[in-house]
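Student: Below, each chain spelled out in residue letters.
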Amino acid sequence: MHDKTRRLPGEAAFSLALLVLSLWLTTIAFGISGFEALSAPGTFPLAVTAVMVITSGLIFWRTARLPAASHIRDWREILPLRVVGMALMIGLYAVALQPLGFLPTSFVFLTISIWLLGRTSPLYALGISVLSVAGIYIVFRLIFTVLMPEGVVPEREIIAWVQNLFSGSPK
Amino acid sequence: MKTKLLGAVTALLMAAAPAMAEYPEKAIQGIIQWGAGGSTDVVMRSITPHAEKILGGSVVMQNMTGGVGAIALKYVGAQAADGYTLLMGAENPQLYKVMGLGDSDYADFTPINLIARGVPLLVARPDAPYNTFAELVAYIAAHPNEVKFGSTGPGGLPSVITAMLSSEVALPVIAVPYDGDGPALTALQGGAIDVMPAVLGAAIEGIRAGRMKPLVLIDTTANPALPDVAPITEAYPAYAKYLPWGPFFGIFVKNGTPDAVVDKLQAAFGEATHNPEFVALIEGRGFSMLNLAGEDARSFLTNWQKTTAWLVFDAGAAKFSPADFGIARP
Amino acid sequence: MMDSLHYFLISWFDLQLLGLIALGTFAGIYVGAIPGLSVTMAVSILISFTFTWDIYPALSLMVGIYMGGVYGGSRTAILLNIPGAPSAIATALDGYPLAQKGEAGEAIGISTVMSFVGGAIGIAVLAIAAPAVSEFALRFQPRDYMLLAILGILLVGSLSGESLMKGVFAGALGLLIGAVGLDPLTAQERFTFGIIDLWGGISFIAVMIGLFGISEALMQLHHIDKLAIKQAISRIIPSWGAVRKYLPLSLQTSAIGVFIGALPGTGGDIAALLAYDHAKRVTKNPEVPFGQGAREGLVAPESANNAAVGGAFIPMITLGIPGDAVTAIIIGAMFIHGLNPGPMLMIDRPEMFWFIVGALVLANFFMLLFGLTGIRLFVKIVELPRPVLIPLILLLSIVGAYAVTNSLMDVYWALGFGVFGYFLKLYGYQVGPVILGVILSRLIDENWRRAIISDREDLGRLLWGTLSSPLSAVLLASVILIFVSQTPVWGMAGRGWRRLWGRK
Chain A
29 MHDKTRRLPG EAAFSLALLV LSLWLTTIAF GISGFEALSA PGTFPLAVTA VMVITSGLIF
89 WRTARLPAAS HIRDWREILP LRVVGMALMI GLYAVALQPL GFLPTSFVFL TISIWLLGRT
149 SPLYALGISV LSVAGIYIVF RLIFTVLMPE GVVPEREIIA WVQNLFSGSP K
Chain B
566 MKTKLLGAVT ALLMAAAPAM AEYPEKAIQG IIQWGAGGST DVVMRSITPH AEKILGGSVV
626 MQNMTGGVGA IALKYVGAQA ADGYTLLMGA ENPQLYKVMG LGDSDYADFT PINLIARGVP
686 LLVARPDAPY NTFAELVAYI AAHPNEVKFG STGPGGLPSV ITAMLSSEVA LPVIAVPYDG
746 DGPALTALQG GAIDVMPAVL GAAIEGIRAG RMKPLVLIDT TANPALPDVA PITEAYPAYA
806 KYLPWGPFFG IFVKNGTPDA VVDKLQAAFG EATHNPEFVA LIEGRGFSML NLAGEDARSF
866 LTNWQKTTAW LVFDAGAAKF SPADFGIARP
Chain C
262 MMDSLHYFLI SWFDLQLLGL IALGTFAGIY VGAIPGLSVT MAVSILISFT FTWDIYPALS
322 LMVGIYMGGV YGGSRTAILL NIPGAPSAIA TALDGYPLAQ KGEAGEAIGI STVMSFVGGA
382 IGIAVLAIAA PAVSEFALRF QPRDYMLLAI LGILLVGSLS GESLMKGVFA GALGLLIGAV
442 GLDPLTAQER FTFGIIDLWG GISFIAVMIG LFGISEALMQ LHHIDKLAIK QAISRIIPSW
502 GAVRKYLPLS LQTSAIGVFI GALPGTGGDI AALLAYDHAK RVTKNPEVPF GQGAREGLVA
562 PESANNAAVG GAFIPMITLG IPGDAVTAII IGAMFIHGLN PGPMLMIDRP EMFWFIVGAL
622 VLANFFMLLF GLTGIRLFVK IVELPRPVLI PLILLLSIVG AYAVTNSLMD VYWALGFGVF
682 GYFLKLYGYQ VGPVILGVIL SRLIDENWRR AIISDREDLG RLLWGTLSSP LSAVLLASVI
742 LIFVSQTPVW GMAGRGWRRL WGRK
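Residue numbers (our numbering), protein chains in the order written: chain A, 29 to 199; chain B, 566 to 895; chain C, 262 to 765.
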């Protein structure tokens, strides 16, 4: 979908940002051990960042001289509201994961995003979310014993309680 | 459904009043400081099922690697001191302070059990022109900066052993770093390095097959697994002051964990170390069983730290002086 | 000989072992398909789980999971452009375009059959030539590993898409990402800014999930209203003609796979990428261009990564040296079960070798069976409406990133790289070279340093050492040859520059 003979909105800024990033990383790479020795821990990072500076510089120079893409006028065509919204949603999800715990966060995240993206009935979104979260929980937590953040739900107590229920022996 | 809901509510109430219930009332998390398949991992995964039976609870083990083990230490240090998070680690944290890898070590943790200790030794390529430590020293003196020693970075076992050996004899060698003793021993068999300070357990199979030859045991007594190899103190009694020394494996909880919980864990893991299958595994891999808890474990840890931190510092491999952290010279 | 055959067939006539291998292979396919669940993880959980079992049933389950898991990674790579495992990265390059054309069923079919071929070659080499191969693999010196990794990084040329310059930048960025963390050789901090969580480096799986899973899902939001692509699932099992056509390529790339798998320190991920590059070089006129759904681009990595399974067992069984992360854990499991993996294992317990070979053969057959039968259900996943599918991919990506090391840090990385990857893709950069760089970073860095330290910081000595060893000289020659064939360094400066900028 990218046309290399035309410059998209934001493309020049992006390539400039990459150049600045490369320059900054080079100064950090230099700070690791300088030009101390061929085997120093900083030698490889320096070589790599040098390549990044050269290539990103050339890319920026080249991009800046491209004619702007005339058929795309609107930012929204390359960065639709949906993309920004979803990126924010997953950002929020990551922030809430630790304090609230895996189960409630995932459930809310799925329900809201399916509901908004699909413009479907909330009930449909709710149903799909319950099924999916349950599925993921069973595979990751119960079978593969990945301890997801528990947050407000005392999962380990509940699991121990259910196990006791099945083993039939009161503690 | 109704009973399950009821159960959830009860569980909530139980969580609110932890003192009421008997430990362990939920799964215990065991954080293994090193990667899957390594010595620490193997030892922990084989002792824990025995301890689980005695405890009457389950321990869910996870490998949390990175930062020479510092990430696992930091993680366990950040959890509640309730005995539900165990640190299953090796000796490395005792050197973090002098190596500049953080300001925490095992002083912030209560030892549940120091399980076993590795016996270090020097191994060489089978076609190397020396068969004993004395011959190696002579060869190095005649060919300075030619013999390639494997290493695992500053603070790793090879660096400590090299520092210890250098304290009595001159060892001008090239130290080639690897990310662990496994890859370094592989390189030894391929001829990329000449000598490797390793633990007996990692080298024993290669020695049995004649793919590497033992030069000397860095210990005060001969080992039943390799009865023909002399301990270093036979020819060089000066090393006795550092020995016995070796990397160790231990299980820890954060300081401040209730005594009742610590006692229960210590009893369970202490009993598990006597399991015949586990004993066979430890001995088969050439480790020496320690089974230390309480004050014995504390003093072992302190002594280990004193000896090692100063050795590493005197060899110039440490970032900070042990004196900065109140670690007395032994 | 009769003894060997007897040991080989132990698992074939024992219903319990047979069942466990089948179960393991089946579970492995799903473990492999879900990003974040890895074979390494599954096998290390199995260690505690099978603790009280005998060694045969425990090994049966592990071997099955391993075989199935390496293959399973291709499923999500083809269907969703999210490689379920690192060894399936190359599979996504041509597999996903096929799914977008509605040919996912056929793509899965051909990759299943070729995985089987690769698996069989790997096992055959293991059974016939294990001691010889492992002796040869041991001879690789640090400089040889470095040259091999440089050979790998030259693949950037094949993965760059529209502009080689952008590909080189992306590759260098990947190498840098791989260098973050405490330097494994000196414990010096690199790009960590004093943050302890960065000491362990940036998890490579988190980068992969971000660049492939999350950024792809964000990209898909552009077309949220489009109907899901209907997948033709009538032609799943490839025709005999197709198999015969791709067989030579499959055999060549299987050979690459076995050998890279047998080298300690390199595994299926590097094997698959090198195989993809090989396919691109030897296929003169593909029916469909590479990157747009070339069958050759599926055949090569899928043959190679399953061949690497047999390869990884070679140094493990003959010398007790792990060929990759999974075999390292299996070695641990063998210790726990009272065996002593090492050079003596073949002599002390010859039955273990033939038992593993027999179990691998069975797992390979089960993989073919389950691979060709469960496709319909899998393909249904891509036919889910996008408003449901995209949030699910995002959720699974986050959970997967978390599961790798149980840390939120990896989740943040995956998110960061997801958004970054969105812009990279938008502006015509490829994400493949970034991943390639991350995979190869440590291999290049560490072995370069080992090599130069061994030669006392003397470049002249290193060069002389390289030229005087036949193995290193051949590797160096291949590096130079491929470099020259891909980049315009000699003469034709003008034409070269145009090619450099405007590759198509």
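Calculated directly from the structure, the hints in this document are not laboratory data. Warning: the hint list may mix true and false statements.
[Claimed, not checked] With a straight-line Cα cutoff of 25 Å, these simulated DSS-like cross-link-like pairs (lysine-lysine) come out:
| hint | chain 1 | residue 1 | chain 2 | residue 2 |
| --- | --- | --- | --- | --- |
| 1 | B | 871 | B | 806 |
| 2 | A | 32 | C | 686 |
| 3 | C | 641 | C | 545 |
| 4 | C | 641 | C | 506 |
| 5 | C | 641 | A | 32 |
| 6 | C | 641 | C | 487 |
Computed from a predicted structure; not experimentally measured.
Student: Is the hinted pair residue 641 (chain C) and residue 506 (chain C) satisfied, with a Cα-Cα distance of at most 25 Å?
Tutor: Since the Cα atoms of residue 641 (chain C) and residue 506 (chain C) sit roughly 29 Å apart, the hinted pair is violated (cutoff 25 Å).
Student: Has the given pair, residue 641 (chain C) with residue 32 (chain A), been kept, meaning a C-alpha gap of at most 25 Å?
Tutor: violated (35 Å)
Student: Hey, residue 871 (chain B) versus residue 806 (chain B), does the alpha-carbon distance stay inside 25 Å?
Tutor: holds (12 Å)
Student: Does the structure keep residue 641 (chain C) and residue 545 (chain C) at a Cα separation of 25 Å or less?
Tutor: The given pair, whose Cα atoms are some 35 Å apart, is violated under the 25 Å limit.
Student: Is the straight-line distance between the alpha-carbon of residue 32 (chain A) and that of residue 686 (chain C) 25 Å or less?
Tutor: holds (12 Å)
Student: Are the Cα atoms of residue 641 (chain C) and residue 487 (chain C) separated by 25 Å or less?
Tutor: holds (17 Å)
Of the numbered hints listed earlier, those contradicted by the structure are 3, 4, 5.
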